[in-house]
Amino acid sequence: MAKGSEGGSWSPYLAGGLAGLLAIVSVYATTLVMGKSAYLGTSTTFVRAAGMIENTFAPSHVSSNEYFKKEKVKMDWQFMLVIGIFGGALIGALTGKSFKLESVPPTWSSSFGSSILKRAAWAFLGGVIAMMGARLADGCPSGNGLSGLMQLSASGFLALAMFYGAGVVTAHFLYTGKGGGKKKGGSDDE
Amino acid sequence: MNNEQILGLATGIIFGFLLQKGSVLRFDKQVGAMLFNDMTIFKFMLSAIIVGMTGIYAMHDFGLITLSHKTMNIGGLVAGGILFGIGWAVAGYCPGTAVGAVAEGRWHAIWVIAGMLVGAALYAELYPFYKRTILAVHDMGKVSLPELIGVNHWIVMAAFTFISLIMFIIFEKRKI
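From first to last, the protein sequence lines are chains A and B.
Here the working numbering is used: the first sequence runs in plain steps of one and ends on residue 1175.
Here the working numbering is used: the second sequence runs in plain steps of one and ends on residue 666.
Just so you know, these hints were derived from the structure itself, not from any lab.
Among the hints, erroneous ones may be present.
To be verified - Pairs of lysine to aspartate or glutamate residues, derived as EDC-like cross-links and limited to a Cα-Cα distance of at most 16 Å, are as follows:
(1) A:Lys1059 x B:Glu494
(2) A:Lys1054 x B:Glu615
(3) A:Lys1021 x A:Glu1039
(4) A:Lys1057 x B:Glu615
(5) B:Lys621 x A:Glu1056
(6) A:Lys1059 x A:Glu1039
(7) A:Lys1055 x B:Glu615
Computed from a predicted model, the values in this text were never measured in an experiment.
Isolated chain A (complex conformation):
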């Protein structure tokens, strides 16, 4: 599988560097427009979205929940940012002709087969665990990782080390050995 060159993709160094510029402009722009510096992040939006969904059938439960009160269930700057990510990724995929309908990720199917139902069940479970963890850590790889390290936050360094360390161990357990997940270079050394 060719890396980096497929479907009109850019060098990750270039795309990343531009994302860094975007973060700078964004912090300044939010300071001007909102009177408060806001940093890129996404996972709080999942809390707000969950609150909005629950609001449709149990509004009193949402309004009395301590965590929803703390994070405030509303369509704020970050909520629109997450919607924007969808739009921007769609534009990128269509203009670069890299849009592809995929029902099971290749790395997954080489270890666990191509059952959509099986993938759906595990992906759902993974999502539940990941979000519980992200909320406990007060941020995901965008909020704690990108924005945290850009500010040199002590919490960002600790969070990213934990995220990646646990990810490495789990991924090796899941995707190597069994049915020969792709074994290419250096999975035995540090």
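Please build the complex by placing chain B on the supplied structure of chain A, with the hints as guidance.
Chain B only, in chain A's frame:
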């Protein structure tokens, strides 16, 4: 939409576009970094951080913006970090990339998003319990690494950049 929402939407569109162009929205890239066979997401993240931190600290030193550290809550970061890492390896996406992946046609990420919404709702229910237990272990407050170790932030940034560049050289040499 108010100005705040328009700004968020515009920022998100550019961010999503760059994530897509950098190919970081793929399950295989995310898991590839954990298996040490494709470091694309590190190339993207470290490049973004090097550029971002330089500009952000420059603006901070000129008093144009304020920093917004997340609190150094040891219990939450360690327990939550490990939980997130396990879930991330299984799901193959973090929250932002799951949303972008669906837009790229990788519609299997919709299961991850559904799980994350349920996880968020569950967390809201369990929050009072976590607040009394895991989150009550030890909180060092909103602190930066330079403050913690007592070194000027520009020195920490120079060291961070230097280490990142060495990592880039290793990635390119090994073609990962």
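A quick look at each hint next to the structure:
no. : hint                  : in the structure
1   : A:Lys1059 x B:Glu494  : holds (12 Å)
2   : A:Lys1054 x B:Glu615  : holds (12 Å)
3   : A:Lys1021 x A:Glu1039 : violated (29 Å)
4   : A:Lys1057 x B:Glu615  : holds (15 Å)
5   : B:Lys621 x A:Glu1056  : holds (15 Å)
6   : A:Lys1059 x A:Glu1039 : holds (13 Å)
7   : A:Lys1055 x B:Glu615  : holds (13 Å)
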